[in-house]
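Peer 1: These are the residues of each chain, in order.
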Amino acid sequence: MISSADGAQQAAAVTAAVTAQARPGLAVVGAGPAGLAAAVTAAESGMAVTVVDAGLRIGGQYWRHGAAGVAADADLHHDRAVFADLSARLDRAVAAGSVRLLLQHQVWALTREGDGGTTVLAVDRTDPARPTEIRVAANHLVLAVGAYDRQLPFPGWDLPGVMTVGAAQALLKGSGVVVGPRVLVAGTGPFLLPVAAGLAARGATVVGVHEAAHPAGWLRRLPALGAAPTKVAEAAGYAAVFARHRIPLRHRSVVVRAHGTDRVTAVTLARLSSRGRVRPGTRRTVPVDVLAVGYGFTAQSELPLQAACAVRVTPDGTVAVTVDDEQRTNNPRVLAAGEITGVGGAQLAVAEGLLAGAAAARSAGLRSHADVARARARRDRLRRFATAMHQVYPVPPAWLSQLDGDTVVCRCEEVTVADIDDAIRLGARDGRTVKLLSRSGMGWCQGRECGYATSCLTAHRLGTEPDLAAGADRPVATPVPLGLVARGGLHPAPADALPRIPNPNPIPDPNSLEEHR
Amino acid sequence: MAIVGAGVVGAACAYFATAAGLDVTVLDRRAVAAGTTGAGEGNLLLSDKEAGPELDLALRSSRLWSEIGEDLGGATFELERKGGVVVASTPDGLAALVEFAAEQRTLGVESQPVDATGLRRLEPWISPELPGGVLYPGDMQVQPALAAARLLERARRRGARLELGVEVTGLRTHGGTVTGVETDGGTVAADVVVNAAGTWGGELSARFGAPVPILPRRGFILVTAPLPEGAIRHKVYSADYVANVASDNEGLESSCVVEGTRAGTVLIGASRERVGFDRTVSVPIVRRLAGHAVTLFPALASVDLLRVYGGFRPYCPDHLPAIGFDGRIGGLLHACGHEGAGIGLAPATGELVTQLITGAPTSVDAAAFSPDRLLGVAA
Ligand SMILES: Cc1cc2nc3c(=O)[nH]c(=O)nc-3n(C[C@H](O)[C@H](O)[C@H](O)COP(=O)(O)OP(=O)(O)OC[C@H]3O[C@@H](n4cnc5c(N)ncnc54)[C@H](O)[C@@H]3O)c2cc1C
Chain S
1 MISSADGAQQ AAAVTAAVTA QARPGLAVVG AGPAGLAAAV TAAESGMAVT
51 VVDAGLRIGG QYWRHGAAGV AADADLHHDR AVFADLSARL DRAVAAGSVR
101 LLLQHQVWAL TREGDGGTTV LAVDRTDPAR PTEIRVAANH LVLAVGAYDR
151 QLPFPGWDLP GVMTVGAAQA LLKGSGVVVG PRVLVAGTGP FLLPVAAGLA
201 ARGATVVGVH EAAHPAGWLR RLPALGAAPT KVAEAAGYAA VFARHRIPLR
251 HRSVVVRAHG TDRVTAVTLA RLSSRGRVRP GTRRTVPVDV LAVGYGFTAQ
301 SELPLQAACA VRVTPDGTVA VTVDDEQRTN NPRVLAAGEI TGVGGAQLAV
351 AEGLLAGAAA ARSAGLRSHA DVARARARRD RLRRFATAMH QVYPVPPAWL
401 SQLDGDTVVC RCEEVTVADI DDAIRLGARD GRTVKLLSRS GMGWCQGREC
451 GYATSCLTAH RLGTEPDLAA GADRPVATPV PLGLVARGGL HPAPADALPR
501 IPNPNPIPDP NSLEEHR
Chain E
1 MAIVGAGVVG AACAYFATAA GLDVTVLDRR AVAAGTTGAG EGNLLLSDKE
51 AGPELDLALR SSRLWSEIGE DLGGATFELE RKGGVVVAST PDGLAALVEF
101 AAEQRTLGVE SQPVDATGLR RLEPWISPEL PGGVLYPGDM QVQPALAAAR
151 LLERARRRGA RLELGVEVTG LRTHGGTVTG VETDGGTVAA DVVVNAAGTW
201 GGELSARFGA PVPILPRRGF ILVTAPLPEG AIRHKVYSAD YVANVASDNE
251 GLESSCVVEG TRAGTVLIGA SRERVGFDRT VSVPIVRRLA GHAVTLFPAL
301 ASVDLLRVYG GFRPYCPDHL PAIGFDGRIG GLLHACGHEG AGIGLAPATG
351 ELVTQLITGA PTSVDAAAFS PDRLLGVAA
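If you're matching them up, the sequences are chains S and E in order. Those letters in the first sequence? Residues 1 to 517, by the working numbering. Those letters in the second sequence? Residues 1 to 379, by the working numbering.
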């Protein structure tokens, strides 16, 4: 349990927040573990908080759930008590009027105001046919927008039936859909385990879990492992599940190709050397119905970059926000918590969220009852674990040598490896100029899915270092109707009174992108 | 010769210089089209230009772009002679527009006035409230980064060397004449040096000890989700754009050109501001451009904005590019400061630079562009 304040104390704080005359405002973007912890901590300190999230429900990716709630799928969820606590406290704060919860609101831009505050510009999609704009002006901002699966191209990765582990997990947790029947899970990182275990528990045949890294990496980082005993226990739990369902777990093993015409029917696996390269003569092909792949996560960095937050690239190739001991970014009124400060899991996110909420309250001149010292110790321990994890589970370079010329890199614009090589031959030297000369990353996803691969492939070809942060800068955080953008400007026009330009290839619902987050 | 800058202007210089048999090295500190060329729209407009040296350059360029299209295959850089439609918002505005077009026609710019019905025939989704406009069939479009890359590709096939990731730090001279350029990777010998560094041409010329004043004028462009083919058929803009282009106003100006691209996306741009090199995207500007676009095409209101990009147009204080020999150092030429028209004007610029170097008769009157006119003018 994270909170130290008892219920009565919390209730008193919430009441005080409502009755206070001039209430300092906090906007929290993201209602996952980090955002929820930040919001309740700040609200219980007396701040007026607005929480904005694109999803239909609170909980984010980790506690993603269907209409029946987290408890309905108890076996798929961890830290249910923490979620129950946070959501109960959020409910209390909402009832007391100290938290305004805006779900199905997608933030498309942040603007910095002259007084140092921020205005959050969000698209209200509660009525999908009639999106409108909401502007939340706040003195403080907590960014807790999370991360989404990182994708790497390999021959056949664009076949139907190949999906990210995050998508497989979201289908399971969000809509109770079990992909399969025969699923192979591959990639790198501890996240492969719960996904495989969840699928197996719900009846899928998990034909194998193929982890590119080797757990021996942990041997050199035992102190970090010792810092997170619950993670070790969790891994042991999955081992038991795997044993029960006879799921083979292979290390230093990767998928190098997916086969099929209409959809995936088989995958080719290969063994890796200790340096992450494919070992010759180790290929074998196994039949599957679904391939779920995950190579770690990419943080949602567009909003932090819009807010001019300083960022760095962590060893797992993620563009992460740099924060101080109190989760403050280089702008002290903007705080960041959770995966966007470096991918590290939900428990770390909760600790960071609590610290961010408390720091925002303190910065607004309020006292927080939250046990900051304990959260800080916990965060530091989990952060050490996360850093070690990034080192144990790097993206193996093997994928770069397994591409064919016709392997698609950018799915939206159908840009292949050969197209990227052409762009380099024409004089592109980095992700941005490759994009200009090949259209890679210019489509619907704006490089969220292919940006990492394009940058890394370009750098690999040229023998340079990929500039991952450059590609993460997106002034429009989510697609937004022009009329809605314009309304704040010259020409208000109700969207429904307008003629519609017929669209031959309907644009996917942005919420389907959301699925991958 | 050494050309500094692998933007569209440097690329066009290399294309024409190699065609004339010159030995060329193109140097860029980043990549092809990494500067303003990769940040602009690819309009080749005649419609927005009044009588004067810039129109001469534009008319020459328009012919050259067509020839380049035949040489390289126009499709390889998305060359389209799709025509421009300039619209007026009031009957008085329309009258002024028609008069302006008549004047341009005497100088060789084709055009044809259209009324409200004619306008809707040209652009089915245009606002029914507009009284009319003028069609300019000669307005063209290219994809600027590809245009630069294809020009350089041909120049390389004719023997040019392309050195990327090489920063030019100074000039080598002997007896007041160029002998080469200094770079962060050593000296490159050259008897002629062309400053095609665009917005950074002022900085480079100062490093050379022969400063020309080049200033940045920021611009943003909005990009929408793809629309079906034929949704927007021409480059459509409102008449105030012409006034804006010529304006000296310090503050924000926006008028907007709305155009479809081969990929189906619609480009809406661009704003014009003098704010130095500040990259921060400003939401009020985005709103304003979106507002202009939905005024011209109300149906765009329900189309998604996907992306905003922008850059810094290079401009000289008198709004004409600096093209030609520098009077202070023998063998040094400038070819920069094309402001919001550098893509369009690149071929005539490359041709003029080559003609000046080889001593051939020039296709346009070179005097108006001489960098010497700017001597003593502060940046
Ligand atoms: C928003 C916007 C919209 C526009 N729309 C249009 C339009 O529709 N039509 C049109 O014609 N024009 C348009 N323009 C203008 C057009 O983009 C520019 O005029 C044109 O790109 C200038 O090209 P350039 O080659 O001179 O400069 P650049 O493309 O900037 O090339 C200069 C190159 O020099 C290199 N360089 C600089 N210093 C050094 C050094 N010391 N050493 C080595 N290399 C160096 C840079 O890296 C750069 O690649 C627009 C511009 C903007 C910003």
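Please note that a few of the clues may not be correct.
As the list claims (entries may be wrong) - Where chain E lies over chain S, by a calculated footprint (3+ residues, C-beta under 8 Å):
| # | region |
| --- | --- |
| 1 | 163–171 |
| 2 | 371–378 |
Unchecked claim - Which residues of chain E face chain S? A partial, calculated answer using Cβ under 10 Å:
| # | residue |
| --- | --- |
| 3 | Arg172 |
| 4 | Val223 |
| 5 | Thr265 |
| 6 | Val303 |
| 7 | Pro317 |
| 8 | Leu320 |
Keep in mind that the hints were calculated from the coordinates and are not lab data. Note that CB positions come from ideal geometry on N, CA and C, so glycine has one too.
Peer 1: Now tell me if each hint is right for this structure.
Peer 2: Tested hints:
no., hint, in the structure
1, 163–171, "violated (count 0)"
2, 371–378, "violated (count 0)"
3, Arg172, "violated (25 Å)"
4, Val223, "holds (8 Å)"
5, Thr265, "holds (8 Å)"
6, Val303, "holds (6 Å)"
7, Pro317, "violated (30 Å)"
8, Leu320, "violated (28 Å)"
The structure shown violates the earlier hints numbered 1, 2, 3, 7 and 8.
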